[in-house]
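Participant: Here is how the chains run, residue by residue.
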Amino acid sequence: SAVISQKPSRDICQRGTSLTIQCQVDSQVTMMFWYRQQPGQSLTLIATANQGSEATYESGFVIDKFPISRPNLTFSTLTVSNMSPEDSSIYLCSVTSGRGGFFGPGTRLTVL
Amino acid sequence: QKEVEQDPGPLSVPEGAIVSLNCTYSNSAFQYFMWYRQYSRKGPELLMYTYSSGNKEDGRFTAQVDKSSKYISLFIRDSQPSDSATYLCAISRSQGAQKLVFGQGTRLTINP
Numbered sequence: 107s108a109v110i111s112q113k114p115s116r117d118i119c120q121r122g123t124s125l126t127i128q129c130q131v132d133s134q135v136t137m138m139f140w141y142r143q144q145p146g147q148s149l150t151l152i153a154t155a156n157q158g159s160e161a162t163y164e165s166g167f168v169i170d171k172f173p174i175s176r177p178n179l180t181f182s183t184l185t186v187s188n189m190s191p192e193d194s195s196i197y198l199c200s201v202t203s204g205r206g207g208f209f210g211p212g213t214r215l216t217v218l
Numbered sequence: 017q018k019e020v021e022q023d024p025g026p027l028s029v030p031e032g033a034i035v036s037l038n039c040t041y042s043n044s045a046f047q048y049f050m051w052y053r054q055y056s057r058k059g060p061e062l063l064m065y066t067y068s069s070g071n072k073e074d075g076r077f078t079a080q081v082d083k084s085s086k087y088i089s090l091f092i093r094d095s096q097p098s099d100s101a102t103y104l105c106a107i108s109r110s111q112g113a114q115k116l117v118f119g120q121g122t123r124l125t126i127n128p
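These protein sequence lines are chains A and B, in that order. Residue numbering for the first sequence follows the working numbering, beginning at 107 and increasing consecutively. Residue numbering for the second sequence follows the working numbering, beginning at 17 and increasing consecutively.
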C-alpha cells in the first residue's frame with residue numbers, strides 16, 4: 107500500500123483567502139485524486155490530477171475555485187480559493203492501485 | 017438516483033455481536049468493490065477489496081458481493097469496541113488508477 111502524507115493537517119482561515127494543500131506519495135503514481143468530505147458526509151471526488159496535463163474536474167467543481175498542480179509523479183497540490191464557510195471540509199488526497207484506493211490523513215479546513 | 021446507496025445508520029450493537037453493513041449500486045459497469053473504515057478525524061483506511069461475486073474473508077471481516085443483485089456487504093464477527101467507526105463502501109469501474117464512488121457511510125458503535 108502507498109504511504110501518503112498531507113500538509114497542513116488542519117487550518118483555520120478567513121473567508122476570501124486561499125489555502126494550498128500539499129500531498130506527497132512514497133511511490134510514483136500516474137494519477138492522484140482529490141476528495142472533499144463535508145461535515146458528517148461521505149467523500150466526493152473533486153478532480154483527478156495527472157502529471158504533465160491539466161487536471162480533470164468532476165461536475166460541480168471548477169479550476170478557478172480548486173486549482174491543482176502536479177509537478178511530478180509523487181506530489182500534488184490543491185488550492186481552495188476565495189474561501190467561504192461552505193468550504194469547511196476535510197480534503198483528502200488519494201491514489202489507487204490494483205488493490206484498491208489509499209488515502210492520506212486529510213486536511214481539516216475551517217473557514218470563518 | 018445515486019450510483020451507490022448505503023444506510024447511514026447510526027447502528028449500535030453489543031460487543032461480540034455480528035455486524036452486517038450493506039450497500040447497493042445501480043450500474044453493472046462497476047466491477048470493483050471496497051470497504052473502508054474511518055475513525056473520527058482520520059482518513060479512510062482500506063479494509064477489503066474484492067471484484068468477484070462471492071465471499072472474501074480477512075480475519076473477523078468478510079466481504080460479500082452479489083453482482084446479479086448489485087448488492088455488497090461487510091460482516092464483522094466478534095465485534096469489539098475498537099470497531100466503532102464509520103464504514104464506507106466504495107465502487108469503481110476498473111482496476112488500477114480509477115476514481116472511486118463512495119456510499120454515504122454507516123456510523124457503527126459497539127457497546128461494551
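Errors might be hidden in some of the hints.
Counterexamples of contact, computed for chain A against chain B with all Cβ distances above 12 angstroms [claimed, not checked]: (1) I110; (2) S115; (3) R121; (4) M137; (5) A153; (6) T154; (7) E164; (8) S175; (9) F181; (10) S187; (11) R205.
Covered stretches of chain B, as calculated for chain A (at least 3 residues, CB under 8 angstroms) [claimed, not checked]: (12) 74-86; (13) 102-109; (14) 118-124.
Read the hints as simulated data drawn from the structure, not as lab findings. Owing to the predicted nature of the structure, the values given are computational and were not obtained by experimental measurement. Idealized CB from N, CA, C, for every residue including glycine.
Participant: Confirm or reject each hint.
Facilitator: So, going through the hints one by one against the coordinates:
1. I110: Label violated. Min Cβ-Cβ 8 angstroms, cutoff 12 angstroms.
2. S115: violated (10 angstroms)
3. R121: holds (23 angstroms)
4. M137: Answer for A/M137: violated, closest chain B Cβ roughly 4 angstroms.
5. A153: Violated: least Cβ distance 10 angstroms, not greater than 12 angstroms.
6. T154: Given that some Cβ of chain B is not farther than 12 angstroms from that of A/T154, nearest at about 6 angstroms, it is violated.
7. E164: violated (8 angstroms)
8. S175: holds (18 angstroms)
9. F181: Nearest chain B Cβ is 16 angstroms from A/F181, so the label holds.
10. S187: holds (22 angstroms)
11. R205: Non-interface label on A/R205 violated, nearest chain B Cβ at 5 angstroms vs cutoff 12 angstroms.
12. 74-86: Our answer is that it is violated, as 0 residues pass the Cβ test (under 8 angstroms) against chain A, missing three.
13. 102-109: Since 3 is at least three, the answer is holds.
14. 118-124: holds (count 4)
Violation of the numbered hints given earlier is confined to hints 1, 2, 4, 5, 6, 7, 11 and 12; the remaining hints are satisfied by the structure.
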